[in-house]
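Using the sequences and the hints given, assemble the complete structure.
Below are the chains, spelled out letter by letter.
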Amino acid sequence: MDLDFTAAEDAFRTEARDWLAAHVPSAPLPSLETAEGFAAHREWERTLHADRWSVVSWPKEYGGRGASILQWLIFEEEYYAAGAPGRVSQNGINLLAPTLFEHADDEQRARVLPSMASGEVIWAQAWSEPEAGSDLASLRSTAVRTEGGWLLSGQKTWSSRAAFADRAFGLFRSDPDADRPHRGLTYLMFPLDAEGVTVRPIGRLDGKPAFAELFLDRVFVPDRDVIGEPGQGWRVAMSTAGNERGLTLRSPGRFTSAAERLTELWRSGPAADDTADTTDTALRDRVTDAVIGARAYQLFTYANASRIAAGGSIGAESSLNKVYWSDLDIALHETALDLLGPYGELSDEADEAPAHGSWAEGYTFSLAGPIYAGTNEIQRDIIAERLLGLPKGRR
Amino acid sequence: MDLDFTAAEDAFRTEARDWLAAHVPSAPLPSLETAEGFAAHREWERTLHADRWSVVSWPKEYGGRGASILQWLIFEEEYYAAGAPGRVSQNGINLLAPTLFEHADDEQRARVLPSMASGEVIWAQAWSEPEAGSDLASLRSTAVRTEGGWLLSGQKTWSSRAAFADRAFGLFRSDPDADRPHRGLTYLMFPLDAEGVTVRPIGRLDGKPAFAELFLDRVFVPDRDVIGEPGQGWRVAMSTAGNERGLTLRSPGRFTSAAERLTELWRSGPAADDTADTTDTALRDRVTDAVIGARAYQLFTYANASRIAAGGSIGAESSLNKVYWSDLDIALHETALDLLGPYGELSDEADEAPAHGSWAEGYTFSLAGPIYAGTNEIQRDIIAERLLGLPKGRR
Amino acid sequence: MRFLLDDEHRDFARSLDKMLTAAGPAKVARAWAAGDTAPGRAVWAKLAEAGVLALAVPEKHGGLGPLPVELAVAFEQLGRHAVPGPLVETVAAAALLDHLGDATLAADLLPGIAAGTTIASLRAPDSPYALDADAADTVLVTEGDTEGDTGGDTEGATLLLAAGAGPVQPSSDPARRLARPLGGTVLAQGPEVTAAAGHAAEVAAFAVAAQALGVGRTLLLETVEYVGGRTQFGVAIGTFQAVKHRLADTLIALEFAQPLVHAAALALASGDPDAGRAVAAAKVAACEATYTAARTALQLHGAVGYTDELDLSLWIRKARALRTAWGTPSACRTRVLAP
Amino acid sequence: MRFLLDDEHRDFARSLDKMLTAAGPAKVARAWAAGDTAPGRAVWAKLAEAGVLALAVPEKHGGLGPLPVELAVAFEQLGRHAVPGPLVETVAAAALLDHLGDATLAADLLPGIAAGTTIASLRAPDSPYALDADAADTVLVTEGDTEGDTGGDTEGATLLLAAGAGPVQPSSDPARRLARPLGGTVLAQGPEVTAAAGHAAEVAAFAVAAQALGVGRTLLLETVEYVGGRTQFGVAIGTFQAVKHRLADTLIALEFAQPLVHAAALALASGDPDAGRAVAAAKVAACEATYTAARTALQLHGAVGYTDELDLSLWIRKARALRTAWGTPSACRTRVLAP
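Protein chains in written order, with UniProt numbering: chain A, 1 to 395; chain B, 1 to 395; chain C, 1 to 339; chain D, 1 to 339.
There could be a bad hint or two in this list.
Unchecked claim - Not everything, but these chain A residues come out facing chain D in the computed CB check (under 7 Å):
(1) Asp4
(2) Asp285
(3) Ser306
(4) Ile308
(5) Gly393
Keep in mind that the hints were calculated from the coordinates and are not lab data. Small disclaimer: the values here were computed from a predicted structure and weren't measured. The C-beta atom is built at its ideal place from N, Cα and C for all residues, glycine as well.
Structure representation (structure tokens):
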């Protein structure tokens with residue numbers, strides 16, 4: 001048992017750190033939930049890709065470095081520590097790509113992955129529907145067989161990034177007569193600019209169009225854009241769902257870096273004309289708990305990475321992650337806003353918002369954590385039933 | 001709208017305060033959960049009764065002063081502020097007596113109430129059974145008709161005070177064929193020294209026999225000890241249950257006085273050889289929250305008392321009280337133990353336990369709060385369904 | 001003792017509720033957020049007509065007050081309906097001017113406040129911003145020793161009339177527009193300004209507490225209604241015990257904060273020297289309860305609660321802003337146990 | 001990096017688990033509480049045989065250590081089985097003597113500790129009591145500057161061998177017997193005692209964290225089993241969502257405290273100068289998680305959990321005591337962010 005990095009891993013860290021120091025924009029990019037910011041973030045994906053930093057864990061043939069999980073964790077730690085921009089490609093890289101690696105054929109991978117790695121194609125997810133939030137099995141949008149492909153119809157919602165993205169992926173009901181609701185679903189990719197697609201951006205709490213509704217009216221999708229077997233979409237999607245909740249969506253580097261910035265904020269105070277009240281031990285304790293929580297999450301992830309490297313796998317345990325990081329993220333940002341005193345009220349768009357509004361935007365972002373990727377209520381049910389073995393109930 | 005006491009109420013307060021100052025024992029009595037302490041507390045009841053302070057809200061004919069709710073609240077505030085002993089008669093006075101006033105006949109009142117007021121007869125409650133905790137409707141102990149009365153058989157448990165008390169009251173299944181489980185129950189009073197009664201004391205967390213199991217084997221109870229109609233016990237008991245959860249069991253004076261002692265503890269430190277760390281604002285905030293919580297509970301009770309005085313009544317709202325005071329009581333005592341540092345670990349029986357062990361015993365006592373009188377989980381269900389109107393579920 | 005609202009209080013609340021419901025408050029708040037203050041000013045006029053703004057102004061200057069209990073009733077309704085504008089600040093400015101005892105100043109400004117023709121703003125001592133300073137007719141600022149509890153041996157504070165406001169700094173509650181007051185002429189100076197500023201801060205914190213309670217009530221009511229209708233896994237989500245308990249805890253927090261707000265009103269009404277403590281306790285309890293209500297509303301609405309399209313977002317975001325306005329939780333807790 | 005226990009660690013845990021299960025730990029703890037230390041001493045001898053006590057003692061004095069990772073494994077099992085006695089204090093005393101570098105003292109006391117023939121106690125710097133001082137063979141006390149972080153310009157601390165112990169002060173955990181050490185002879189004096197005492201306090205806090213985790217695991221497991229069997233309203237109470245979520249939160253807290261304890265072990269093993277911070281983080285996380293587990297166990301067992309008849313009460317009460325032993329939550333949090 002150890003926490004030691006190899007010389008090769010240390011070298012990888014140094015390489016990543018140096019590259020980031022040289023390339024991370026000195027001023028933060030505009031919010032990626034705006035048209036201007038989306039374009040700037042797409043450009044940043046291109047920069048990352050040019051030096052093979054956009055998808056470090058992918059095989060080299062698709063633009064990656066074949067990095068191990070541990071190397072990926074190292075890269076993420078350095079990435080967040082460097083204050084690098086948010087990843088506009090994250091829906092594709094974290095949700096779609098793992099599914100493609102597991103279920104797609106070679107032609108699909110060769111066609112889809114390189115443009116995802118370069119930021120040329122930005123993907124949106126299209127999971128939810130108005131009547132199917134956490135209860136994905138009750139999806140109603142349909143895929144109807146037609147010559148050479150499928151016709152998609154129905155409505156998707158909470159499609160993150162879809163306001164500005166190029167393509168989307170999701171589940172559609174291809175067999176309305178299947179005996180159980182989660183059978184008869186098919187996993188499909190489709191373009192957002194195709195005929196029959198209407199994208200209606202939805203503003204999140206702070207008004208930015210972070211997601212959209214998609215209205216689909218007989219949108220043609222060729223057979224080659226089905227992932228896995230038709231009717232097997234639920235099974236295909238589950239690997240992605242685990243990923244979203246588990247290791248990849250919220251890398252520990254995000255929280256250790258935020259906890260460090262929080263500690264710095266506590267020590268230095270919110271603004272030039274103010275001073276921190278470091279004698280307020282109630283606030284200090286909340287900073288400490290964020291520091292401890294981020295470290296615990298990092299160590300827990302190291303343990304999981306070690307387990308995977310030793311041939312193990314992560315199943316329902318990903319629900320532990322989901323609840324932990326989402327609660328931690330909110331506590332961390334609430335503490336930051338409280339440290340900011342009157343400046344904590346400012347919107348991230350206020351000129352005078354501390355840290356270019358990153359605490360304010362991070363707080364808004366954190367509030368979604370316990371909701372998406374399966375609400376924390378659902379996750380606690382899963383933990384109780386699958387990890388603790390408690391009897392299922394009607395909830 | 002006002003918070004003003006009348007001159008008569010102020011006079012009543014002064015009278016109570018003066019009497020308490022003259023009579024409250026200068027050294028605390030031994031714990032009422034011990035044989036020695038039980039006897040001492042019974043003696044204290046006698047002292048209270050001698051000057052009509054044991055049941056201030058009862059009519060004068062039964063030993064009370066016909067005090068209004070507000071006067072009762074005033075008395076309780078003074079009682080706890082004076083550090084007066086715990087009330088060993090409380091099961092009788094708070095749980096049985098209200099039922100007698102509502103459902104008993106004159107003969108029963110005249111027979112039962114005076115000896116309850118004087119402490120001559122101490123009552124234990126006998127609600128729960130091993131398979132019926134929060135789910136009282138599933139009671140199994142039986143009352144079988146016999147000449148001139150009933151024969152009680154079965155097992156009761158968590159019978160508080162029963163280790164040393166004289167008599168008990170509870171519900172028994174008199175009609176096993178009733179169409180619904182909460183019908184066919186009868187409310188009865190019975191002696192704990194009768195033939196067929198076996199009392200097995202149970203130690204609570206700190207080992208003290210605060211409650212007992214009762215084994216009943218054909219215990220004869222005459223008809224005159226049935227309260228209300230046979231078979232109507234559930235309805236009769238519900239008035240008592242509301243009382244237990246609501247106004248009477250936990251008077252605000254208990255918490256305002258504890259919050260004041262907590263504030264004093266925070267200001268002065270736990271022991272002569274130690275000093276308080278009043279710069280620890282995290283602990284200070286917890287003291288503050290206890291002070292605010294106790295004040296809120298007091299004011300909420302004043303509002304309820306005003307509502308009752310204006311002809312209103314308290315129904316499911318008593319569940320709000322139950323959850324609030326029980327959570328407050330734990331938080332208050334946890335804070336006290338944390339302020340005590342290493343002395344917070346001491347049992348209440350340790351010679352060196354601060355405040356004669358009252359914080360330690362109070363903490364142990366507080367832990368039972370969210371469990372008895374209907375667990376807080378049940379109370380939250382009641383609040384959601386009856387006060388907020390949420391649909392019933394299978395939980 | 002009769003620690004219950006009187007019939008007249010309840011009638012007052014009902015009439016405000018009716019008037020504000022008719023005004024379509026979400027639309028008014030959205031317009032205010034976008035810089036169109038006309039609908040907000042129209043509501044302001046109606047509030048003045050209903051006597052709300054006169055409640056903080058003494059009779060000799062055209063008011064009905066000060067009447068803190070009635071203010072509590074009114075501000076709870078203002079919170080329930082998310083009415084925009086510097087209502088707290090205007091009432092606090094009135095309290096300051098009334099307490100200051102400068103007859104000329106009072107006669108200059110108070111009648112307009114009472115009549116609803118003067119919208120005022122006042123900068124809180126712990127903030128660089130004055131709420132809606134760009135939309136206010138009169139912006140007051142206190143500087144120097146504004147704490148009001150440092151005894152007599154001080155030069156005291158200065159009261160300034162600002163010459164304008166800097167650029168609007170949007171709040172996370174879009175209906176709150178923050179700006180730094182600019183420059184200013186001195187209106188008064190001395191220990192009496194310190195005392196008046198301290199009193200004004202208490203009144204402001206008290207009004208925020210009442211307003212927050214109203215915000216919390218709306219959040220709870222709307223969420224209860226939503227979970228009764230929304231189905232997942234074949235049943236209304238309101239049947240899930242986790243949902244029930246979270247809403248039950250929210251109700252408990254609001255129900256026990258309410259009497260603290262009323263007690264603070266009575267303390268202010270009677271000139272109780274401990275009123276500041278009562279206000280601080282009410283503020284922290286009401287604002288924490290309301291923030292809990294906002295977190296609950298957001299979580300139980302799920303994604304739809306996370307959108308600004310849902311009008312409820314106006315209340316969700318206001319809950320956070322009120323939590324720190326005119327006294328952070330930490331400052332309020334400090335005040336409760338201060339010697 | 002392989003941040004996972006090795007097979008040997010897991011084997012060690014399993015063999016301790018087996019041995020302690022066979023010893024009937026609840027009976028041993030109840031006897032210890034009643035002043036009958038013989039069964040506890042028998043378990044102590046078995047623990048020594050299994051090498052547990054040698055883990056804190058270096059090889060040259062008859063030990064196998066110091067081996068913090070193995071200590072974490074062992075103390076988690078000691079907590080799981082609520083083994084009574086000054087185990088933490090004996091290991092801390094060994095760490096103190098090892099760190100002090102006084103060869104005579106070390107040769108005098110360490111071999112007996114490693115062999116299990118010397119039961120030691122050590123008073124924590126923030127407490128007047130030494131755990132089970134009445135039952136210990138050797139009671140050590142440090143006085144003076146014991147904080148270990150005040151730099152060189154100090155007279156340092158004094159290490160005393162107590163002449164005995166005052167009357168037992170019962171703890172709220174009946175299996176913990178507290179007493180004030182009496183009198184004593186000076187064993188060592190100077191800044192090196194300060195440093196050794198500081199190191200010993202870190203090792204003690206670390207051992208408590210591991211022990212607490214074990215206590216928490218047992219509380220969770222027993223409660224999960226109980227709610228699966230107990231029925232109310234016609235169903236197992238483990239089907240209620242409120243019950244499920246409370247247990248899920250308990251598991252989360254324990255699962256995320258565990259790696260902090262292991263990381264603290266590695267920090268101590270490598271002599272990391274930041275080990276104190278890692279220990280403090282582990283202690284607060286493990287002890288808070290375990291206290292949460294105790295509150296959960298008590299609430300979900302209902303009245304039966306509130307009795308001392310149920311053996312689980314031994315774990316419930318230990319959770320509270322460990323929370324403050326060798327560093328209150330507040331002291332630990334202070335340490336984590338100390339400059």
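Do the hints match the structure? See the list:
no. : hint   : verdict
1   : Asp4   : 6 Å, holds
2   : Asp285 : 5 Å, holds
3   : Ser306 : 5 Å, holds
4   : Ile308 : 11 Å, violated
5   : Gly393 : 3 Å, holds
Violated hint for the displayed structure: number 4, the only one.
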